[in-house]
Amino acid sequence: AQSVTQPDIHITVSEGASLELRCNYSYGATPYLFWYVQSPGQGLQLLLKYFSGDTLVQGIKGFEAEFKRSQSSFNLRKPSVHWSDAAEYFCAVGTNTGNQFYFGTGTSLTVIP
Amino acid sequence: GAVVSQHPSWVICKSGTSVKIECRSLDFQATTMFWYRQFPKQSLMLMATSNEGSKATYEQGVEKDKFLINHASLTLSTLTVTSAHPEDSSFYICSPRDLNVYGYTFGSGTRLTVV
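Top line first, the protein sequences correspond to chains A and B.
FYI, our numbering numbers position 97 of the first sequence as 97, with every residue one higher than the one before it.
FYI, our numbering numbers position 45 of the second sequence as 1045, with every residue one higher than the one before it.
No false leads were slipped in.
Derived DEER-like restraints, expressed as beta-carbon distance ranges:
#1 B:L1068 x A:S18: 42 to 50 Å
#2 B:T1017 x A:S72: 44 to 52 Å
#3 A:H10 x B:H1085: 26 to 34 Å
Result set (DSS-like, lysine-lysine): computed pairs, CA atoms no more than 30 Å apart in a straight line:
#4 B:K1014 x B:K1041
#5 A:K68 x B:K1041
#6 B:K1041 x A:K49
#7 B:K1020 x B:K1041
#8 B:K1014 x B:K1055
#9 A:K49 x A:K68
#10 B:K1041 x A:K61
#11 A:K49 x A:K61
#12 B:K1064 x B:K1020
Stretch by stretch, here's where chain B covers chain A in the computed footprint (C-beta under 8 Å, at least three residues):
#13 41-51
#14 100-107
No lab work stands behind these hints, which were simulated from the structure alone.
All C-beta atoms, glycine included, are put in the ideal place defined by N, C-alpha and C.
Starting from the given sequences, assemble the full structure and let the hints guide the process.
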């Protein structure tokens, strides 16, 4: 069965430090992978997505993610975190039929000055 | 493209009353609509999937008589929480599917509080 795992429930980083949020998936075929960000009380905003091609994907707000098939991972990175990046981050996988979409449990990011 | 409008953003209602949440796709047609629910500190869980003009398919554990979904047009779907109880308090998010672009768009969500 398809599933998405975000091992880190909560991460705290200092402003200006680098960030990596982990995501592992389980899916029988080539997955379509997404990262979303959710600010408190808000809906979801798409950061980036991977369908095919270059395994390093650039997104908005300076985020990038790398698809590693051998590790079934799609980790999100940012070289220098800003205080405004504090939010909940969700990794998700979609099927190639577009009929199913699975979210990870989310990682809460706190940024300290 | 792929602009979604979800209304209301938040609502407080009394226990036993019903609440309707609207989701509109403003610049595309959505033949399929997904409705999610998110409890505090948890991830989004799919409640139901609806296709325009047909009955919705509900996930296991979701009461179809309590959460009424109407998807009468390609640009509008509604979720009605009937006879709401405090345990229905949650964040509800719609996700209309844009057939022209693979990917999923989401509404801004509705925070429902039942008192």
